[in-house]
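A.B. asks: Protein chains in written order, with our numbering: chain A, 120 to 644; chain B, -2 to 436; chain C, 228 to 712.
Think of the hints as simulated: they come from the structure by calculation, not from any bench.
Any given hint might turn out to be false.
Claimed, not checked - Computed list of lysine-lysine pairs in DSS-like fashion (alpha-carbon distance at most 25 Å, straight line):
no., chain 1, residue 1, chain 2, residue 2
1, C, K487, A, K193
2, A, K376, B, K322
3, A, K481, B, K30
4, C, K417, A, K395
5, C, K487, A, K376
6, A, K229, B, K30
7, A, K315, C, K691
8, A, K588, C, K421
9, A, K254, C, K692
10, B, K67, A, K163
11, A, K395, C, K349
12, A, K521, C, K421
13, B, K322, A, K532
14, C, K691, A, K618
15, C, K421, A, K305
16, A, K189, C, K691
17, B, K30, A, K376
18, C, K522, A, K305
19, A, K391, C, K534
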Amino acid sequence: MLEKDILKEFQDVVGPEFIDDGDVMTNVYAYNWCTEFVNYMEGKEPIPFSPVPKAVILPSTTEEVQKIIKLCNKYKIKFKAQSTGLGPWNQPSTDNSIILDLRRMNKIVKIDEKNLYAVVESYVSGAQLQAEAMKYGLTVHMPGAGPMASPLASHTSMAGPGFTSPQTGHSARNVLGVEWVLPDGKIMRLGSLGQKNNPDWFIGDGPGPSLRGIMRGWVGAKSGIGVFTKVGIKLFPYPTDTKFVMTGHAPLYNFEKPDYIRAYVFDCKSWKGLEKIMLRVEEEEVGFIVSHISGLAVMAIFSYSIEGLMDKMALGVLKNPLLVVMGARTKREFDYKQMVMEDILTEYDLENIIDTKYVPEKVFYAECLRANLGYHGFIATGGFQSAKGQADAAALCLRAEKTNIPLKQKYIKKEAIANDFGEGAWMTSYEGGHFFHMESPTMFNQSDLKSVKGMANYMDESNKQDLIKHLGAPFFIEGDKLHDEWGPHMMNYHNWLRKIKAAFDPNGVADSGFYITAKKECENK
Amino acid sequence: MTTEHFPEQEYRRMIKMCLRCSVCKWIPQVQIKSQKYASCCPAMDIYDYHAYSGGGRIILALAYEMGRVKPSDDLLNIVYRCTECGNCAIACKYMNTLEPLEIIMKFREKLVKDGYGPMPQQKAYTEAMKKVNNPYNEPHEKRVDWLPSDIKVDPDAKLLYYVGCTSSYRRKEMAIAAARIMNAAGVPFNILKDDEFCCGSPVYRTGDVESFKVQLNKNLDVMESKGIETIIFSCAGCYDTFKVDYPLYREYNFEVLHTVEFFEQLIEEGKLKFTTEVPIMVTYHDPCHLGRTAERYEEWAGDELKLMPLVSINIPPKPKNIGAKGVYDAPRNILNKIPGLKLVEMERIMEYSYCCGAGAGVKSAFPDMAIRSSKNRIEEAEDSGANILVSACPFCSTNLQDGIKESGSKLKYYDISELILMALGLDPEKLIQATAGGA
Amino acid sequence: MNEIYQKLVKICGKKNLSNNPDLLKTYSEDCSYVSGKTPISIVWPKNSKQIEEILKLANSMGFSVISISSSSNVRYHGDTLPKKDNSVILNLSKMKNIVSIDRKNRVVMVEPGVTFAELIPKLKEKGLRLLLPLHPESDKSVLTSALKREPITIPRYHWDSSDPLLCTEVVFGTGDLFRTGTAAGPGTIKQQQKRGAAQVNPMGPTHFSPYRVIQGAQGSIGVVTWATVKLELLPTVQKVIHLQSENLQDLLDVQQILLKYRYADEIVILQNLNLACLVKIESSQIVELSNSLAKWNLIYVLSGRGKFANDKISYQENDINDLVQELKKEKLNNNSPINEKDILTALKEPTAFPWRSRLKGAYQDIFFITNFERIPEFVSIVEKMAQKNLGTYIQALNQGTSYYCEFDLFYDPGDESAIPGIKQNFMDISSKLIEAGAFFNRPYSLWAKEVFANHSEETITAFKKVKKIFDPNNILNPGVLCFDD
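Bound-form chain A, shown alone (with noise of 0.2 Å):
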């Protein structure tokens, strides 16, 4: 709970319906997915709640972001901001943090279709944005965690890898004019958007450097450097004709499948095999969906209960599954993908099952091209996190799967986490294959203990692994122990890293759990 002078003077900020310090709300705050085994990875007990916020606040514009962390500052009260809210990373690392919850800012504030760019509020989801793109045939590049995400999140602050990156690229990479709220307060506009005459969002660096560069990085700051307001994203072409008919009833739609969308799975046979194929398929240009996953995740997809991920069975036996989907607008673009997908295959002596060994729902088809296959990771346990998270060329990911195998294993046999084999991943290449990322999508059950324990051992070991065998960095090195481990092996960021930190939150009242605090602060813990 606040003081009520404080509280009093947030309430003056957003009006007292829009902040709410009582045991009830900030409860339901404390709670994220994932919380407990972070929790029990920094030593604490592996519950599902973080540290109680002092308060939840719901702004509704920039500038009342603005006077909130004003207020943060002169209280010295830390701030965690969060859009949609997917994940341990929206919750606070302190009791001394109030929550801003950015529900309210929820509007596109434009579509440009000559410029071929959206800008969005926090809280416009990827689903939201991408039916509102199509009107124009255009699309948004959408985070694996699925279309139910933020888009102004993904892009800022988290991560960024998603389904159609090969066409879509990365969050991070797409990123226009961003209208941030420093931890100071300052309100900062990138780019052509900190223009005095003419501001507009076209472009986010300069004049001369460019500050993105000090904005998120590969994995994203998740608010440790300020609350993100506004944010120019690129569109892309959709893939294929805009006209998503959907008829019948949930889960199975049946969804009118456009008449140039076709789905390819087939067995690389080995992990040589698997990276000349991702890389020649990419090169050809001819997929938006060019995915590596393992086969039980290739049943995964295609199901859409526990029992119906069992039906499939068969389909595990891939050895090096990858799944591409190629859509096209005419005709001609059709056949001619087509053609080179079938000659691939030929040359590969490729066998592809869809359509032949196995015919995917067409709700399967909706579902690529609304990037909502991620979620398909749920039926299993009802629960999973992703440990690695390496990008670099594709030889580098697959080496890092090939090695996390027998330690997944490990924790299979220690029945800590369910059994893909050890093999469950997601490999997904970016802009036309110039770079890739790995994941391996790992199932636990958060309502069982051991299984939480276990899936925090592992985490553990396959980031210390990672490591040693130098196969890049994964996604969750964030926390002060998390980079004062890893920063002497990778030139020493944390030092640079924590100066910015210093420098543009001098009161150090951006909450840093997941991102980096400044030395002096650590130095205090």
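On the provided structure of chain A, position chains B and C as indicated by the hints.
C.D. replies: Same frame as chain A, now just chains B and C:
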């Protein structure tokens, strides 16, 4: 049912499993057609805090179970600001295996059992129900005041028209229309008059299961004593309660049908013939109780097979209520058969239809919330291009008409049975009203 | 000075150092109107270790360091002219190592001294190509071009405004060595490569992407000692489409459709004089060709590779025709008087004869970024203020989300009486454009003051904070951007 459909053990397991993914705030992701009509939850749309979402309520249930939150006005004000429309559950269960609506209902049940719920206004209507058999606290003897003298009721008929409290006291036009339609079709039907009591839905949905059971037994005793074979409901709430909730506590062996199902049959059989053009453009609002929540629980007595550590499957698969078996086609088939009528759809329909905002005690405890939800739905109906909104539930009717009034909308509202009457040529005056100002 | 010289000798050896006054003098001027100071020394380091030591020395002894990479002595825009008296030129042109060319991962690792002319043939041998700025100068540094964010001509491969720059090794102003992106580790570059990494992800490490603050900083944040640069595969078949119109908007609309659906590789819009400069060398030929062209020219290239190259070009051509028809434009002239090969040369090859200097021997270029709608307005502003010898180049960037506009004022450097007028015109046009909201995202010397005066203070404060972190003593290229109050 021989087994408890949502055992305590399941509740305790599930409240730890929310992914906090926010899927529950929107209609199924693949159904989203616009930003404006993507949301599915009236409470979230009005109150914004995550606690009001399906997921937020699951977290609250867990926090309560763990003793992290204590009973308080704050807690009740969140828990009861929910119409239990079940839209969050449809969105969640698209892929997940949680039961948000069951959790919401059970959490209320616990609060009542622990001596805290429901809200004062809801307690008052519960008392009224116990005293005068209706939550409106109207005299029981006036229950059949709606019945015009020219309507033929057959006391020996095995087909019962269960009118329900709202149609009896508040939406009499619906009761009259339903009765006249049956007369027109030459179908003998009975009504219970003094022996018709509240179905118990209003109290059941606030978590007062004990009071509900009393009501349920009272009703079923009457029905069984009269040898009723089929019951027709024009109230979606009563229909859902009889069809879905009663069997969870006591089996019965009569058939239950909503009027739209029954009238569709009569049209098919040629017993109802539309003779009059009704040149209007309408949009149809799926009542929650006739749609997604009107799926009967199927008994499952299979085995849970542990395939491997942490992964089990059910053999045979446990039936999953995901709204697919609601009554969606019947009202649309009827509307499409009315000569001259054009049906246009809103964006949120069928199992992901947006709630009118009145249900589960909200209309009485939080009238402002009910009106605000209704206004959201009215706007969506207006955006469909229709100038008439039609539905099949007296409770939706009341709240949507209140919303029309409050928002100053030009939309007109009719129950589907009133449109049938017009098409049968039995209500020319209403037809003139409906078509006034152009279709 | 002597002491600095002696210490530099210790670091780099005498033969890699020069105090020759004549040579020093050449570093005090360039093709811009900026006046520079004469540096005290020029040093040609060989490796990052030497650069680290030089920068540490600069911090301790208080001299400035201006890095230069291109081997050409022709420099533009004033950004490498010393602004302080005690400046040392860090000439990286001898760091010429092409560290690796990786066909599989479509990436090349180069040191700063590697030029377009040196690299392009090597890449061709492996079936690869660079993402080029328009007809770059042969002896221009590939790395510098990327660090300057020079516009590339294939908008659909311009995935991020930072492309084609990927990972870098950099010595910050503090003298500390760093590697950006996945090159940061864990592990050395060798260890990373052993595991399959290719330094192709520029983002990171973790929560920041320092390469973005190095890029566009005009050498004021760090000195890049090598970088990985993104490559594409070399097409085997290319078809050039050249559309002419007197109406700029017509061509803008057509290219917008290409961008929307990501058709075509190279897409450029050139005013007739600029197009003629690109394909002809002699002034008279340029004028002749220019006069035969419509005022505005859209050039786009359809490319294919391998077995189905022609099929790809054919489907794209047909699809584009359908889309263009839907635009209902009056028929656009697609009869090009220019040989397709000449156009491709300008788009694919470097040149020893800087194309902007071909008409009159010299030029001043004014360039900025804007959006689709405002291009004609800016063109009109410039055309009103410069009626003669004006060349215009419009380049869609970053997946078609913004546009680079370049206006070239061609003049005869021998006509000294005309030069003050040109300079005045250059400054007047620039000011007018800045005032109208043209975004000068690469604010070189003469523009910097005005550009930053027209930019939000919060951004400038943030830039200064960043500068303070990476170059606290302001030893790197002082006087550029907004770093000197």
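A.B. asks: Now look at each hint and say whether the structure bears it out.
C.D. replies: Structure-based check of all given hints:
no. : hint              : in the structure
1   : C:K487 <-> A:K193 : violated, 48 Å
2   : A:K376 <-> B:K322 : holds, 24 Å
3   : A:K481 <-> B:K30  : holds, 18 Å
4   : C:K417 <-> A:K395 : holds, 22 Å
5   : C:K487 <-> A:K376 : holds, 23 Å
6   : A:K229 <-> B:K30  : holds, 17 Å
7   : A:K315 <-> C:K691 : holds, 19 Å
8   : A:K588 <-> C:K421 : holds, 10 Å
9   : A:K254 <-> C:K692 : violated, 42 Å
10  : B:K67 <-> A:K163  : holds, 24 Å
11  : A:K395 <-> C:K349 : holds, 23 Å
12  : A:K521 <-> C:K421 : holds, 15 Å
13  : B:K322 <-> A:K532 : violated, 42 Å
14  : C:K691 <-> A:K618 : holds, 13 Å
15  : C:K421 <-> A:K305 : violated, 45 Å
16  : A:K189 <-> C:K691 : holds, 22 Å
17  : B:K30 <-> A:K376  : holds, 16 Å
18  : C:K522 <-> A:K305 : violated, 47 Å
19  : A:K391 <-> C:K534 : holds, 23 Å
Violation of the numbered hints given earlier is confined to hints 1, 9, 13, 15, 18; the remaining hints are satisfied by the structure.
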